[in-house]
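Enquirer: Please work from the sequences and hints to get the whole structure.
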Amino acid sequence: MVLITVRLPRGATLDMALRELRLKKEEVDVGYGVVAIDPDHGLYGLRVSAMAAHRLTATPEAMDGPWADPKIEPMGPSRKDR
Amino acid sequence: MRVLVQLRPSPDVVAAVADPAVTATAADVVNGLPGVLLDPTFTPVAVPRPLPARAGGDPLSLNQPLIFSMAPRDASVLVRGEIADDEVSTRLALLSGRGGVVGVYADPVIQTSLTCGGDGPVGGWRDVRRLLAVERLHAEGYDGSGVALTVTDTGVNQRHVSATLGADFVLDRERSWSPDGVSGRPGEFDVDHGTMCAFDALLAAPKASVIDIPVLLSRRPGGSALDGLLSDAMAAFAHLRTVLDAQPAESRALVVTNSWGSFSPDWDFPPGHPGNYSDNPAHPFNLIVGSLAAAGADILFAAGNCGRECPDGRCAYPDQPITGANSHPAVLSVAGVDVTGERVGYSSQGPGRLADRKPDLAAYTHFAGSGAFGPGEPDSGTSAACPVAAGVVAAIRSRVPSTVLSPSDLRTLLVRSADDRGVLGYDYDYGYGVVNVPGIVEALHARASETRTAEGRPWLVS
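Residue numbers (our numbering), protein chains in the order written: chain A, 1 to 82; chain B, 1001 to 1462.
Simulated from the structure, these hints should not be mistaken for laboratory data.
It is possible that some hints are incorrect.
Estimated spans, in silico, between C-beta atoms of each pair [what the hints assert, rightly or not]:
1. PRO9(A) to GLU1135(B): 49 to 57 Å
2. MET51(A) to ARG1416(B): 46 to 54 Å
3. GLY31(A) to GLU1140(B): 44 to 52 Å
4. GLU1174(B) to THR13(A): 21 to 29 Å
5. ALA1093(B) to SER49(A): 50 to 58 Å
6. ALA1106(B) to GLY31(A): 49 to 57 Å
7. GLU1135(B) to SER49(A): 52 to 60 Å
8. ALA50(A) to ARG1308(B): 33 to 41 Å
9. PRO1271(B) to ARG19(A): 42 to 50 Å
10. PHE1042(B) to ASP40(A): 52 to 60 Å
11. GLU1140(B) to THR57(A): 51 to 59 Å
12. ARG1416(B) to THR13(A): 42 to 50 Å
Which residues of chain A face chain B? A partial, calculated answer using Cβ under 10 Å [unchecked claim]:
13. LEU3
14. GLY33
15. VAL35
Covered by chain A, per the in silico footprint, the following chain B stretches (three or more residues, Cβ under 8 Å) [said to hold, decoys possible]:
16. 1009 to 1016
17. 1233 to 1246
18. 1254 to 1263
19. 1286 to 1294
C-beta atoms are modelled at their ideal positions from N, C-alpha and C, and glycine is treated no differently.
Expert: Written out as structure tokens, the structure reads:
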């Protein structure tokens, strides 16, 4: 799964995103859902399969990305280090 | 940057400096140097001139015989000063053409050693409370009451924090949030890094309501236990936007402490790639950070543990290790000092990748605190410094909501009142200095005495 961003109306739902982007449920990280990045400007994020992202890049006005989704770690020790 | 400036003044001045019976000052040697703050406490030092012992020899050779002449016509004089970090190249260029200046040299700090990972604790959490002037904060009503203090980390163990702190605190289960697939209840996660962060944040703001967001426990494909993915943090910040928007304007106060980051460029697109995170303000996580801050949240990030003296073994950026949101202009990026006020050797140095002047300031770390990692183990890393600073911010917010003093203005107040360390003014080790609670309280008083809200209410909430 890769991270992409899309423009959708305020209050967008996953179903709305699937419809607008012509995506199947199995192409999307449903557990992650649609994340409002900047709701005032209709910017949302979702995780989709690499294939779906590749298909969407054919219509660049529909999406931006894929974006890096790096691993994040504590800036300090953890019990697993001990 | 501290510098030594080598000058060749007139022979009579050199003779005076070299005469042990005379105490010369920098002002006797040079009438000011543009852009250099001369140190009046440093007695100028005469430096002999190396001359080859044999004709045709090299005066700078380390192998050939030399004669060192202290004759006034040969010798030079050293004075000490400072050049602002962001003006070094310009000033050096100007100085090199100035009459009398022979050379300008770095004057690095020399010391036995800085506190590093693996060292035992330096002081304890009561020392941190004393240094933060917590009694004064609380006496003036800055205790975190009514403030949502979010810990985005590995989850909080409320029982452990309360037992160690010796006091109960409010764990806001209703507004806590977990990434999809994370099991466990808010406040009941295993004692680990997030528990340390909550403890350290509560040192200054014990009345804050802790929102528990175990974003680093996500097991989303691509991540692993105790590592999340940045997309999990993005979802967490989207949740926090709903928390913020639901708060009444007159008491809006959401503080978010983030003691995590990305250690390796291997997980990122390279800088310049449109999907890059580390250097790219257009990355969606950097956008959501800016958006949440603009909506009124105070966001703090650890500067990181990739300091040059003793970096964390995971550090993989060859330079500028303060990356992505940890270097975002709309967040407070926090470096670490021990309770003696010295920077810990692992605290990452700037400049940042999104904003140059990172870290912003420093706070205390490496002290005996939560005991989250076992007896005798310190609360360490900029991981501890960040929530210590976040606790101060949360304490302030109990009387000054973000609708009255914006996060940006509060950051300005914090850095302006910081206790300057390192070289004069801003530097990439300490930022603007160590968080200075009495200075902040005085600044708030000054502002309150001359300001009322737009509706005519007193500026400070009582």
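Enquirer: Indicate whether the distance between the beta carbons of ARG1416(B) and THR13(A) respects the range 42 to 50 Å.
Expert: holds, 45 Å
Enquirer: Per the coverage rule (Cβ-Cβ under 8 Å, at least three residues), is the region 1254 to 1263 of chain B covered by chain A?
Expert: holds (count 5)
Enquirer: Indicate whether the distance between the beta carbons of PRO9(A) and GLU1135(B) respects the range 49 to 57 Å.
Expert: holds, 52 Å
Enquirer: Does the Cβ pair GLU1174(B), THR13(A) satisfy 21 to 29 Å?
Expert: holds, 23 Å
Enquirer: For the hint on LEU3(A), does the least C-beta distance to chain B fall short of 10 Å?
Expert: With a minimum Cβ separation of about 5 Å from chain B (threshold 10 Å), the hint on LEU3(A) holds.
Enquirer: Closer than 8 Å Cβ to Cβ for three or more residues is the test here. Does the region 1286 to 1294 of chain B pass it with chain A?
Expert: holds (count 3)
Enquirer: Is it true that the C-beta distance of GLU1140(B) to THR57(A) lies inside 51 to 59 Å, as the hint says?
Expert: holds, 56 Å
Enquirer: Against chain B, is GLY33(A) within 10 Å by beta-carbon distance?
Expert: holds, 8 Å
Enquirer: Given the range 52 to 60 Å, decide if the beta-carbon distance of PHE1042(B) to ASP40(A) lies inside it.
Expert: Taking Cβ atoms as reference, PHE1042(B) and ASP40(A) lie about 55 Å apart, which means the hint holds.
Enquirer: Starting from the range 33 to 41 Å, see whether the pair ALA50(A) and ARG1308(B) falls in it by beta-carbon distance.
Expert: Holds, at about 38 Å.
Enquirer: A range of 44 to 52 Å was offered for this pair. Does it hold for the Cβ distance of GLY31(A) and GLU1140(B)?
Expert: holds, 46 Å
Enquirer: Three residues minimum, CB to CB under 8 Å: does the region 1233 to 1246 of chain B make the cut for coverage by chain A? Let me know.
Expert: Per the Cβ count (5), the hint holds.
Hint violations for this structure: numbers 9, 16, all remaining hints satisfied.
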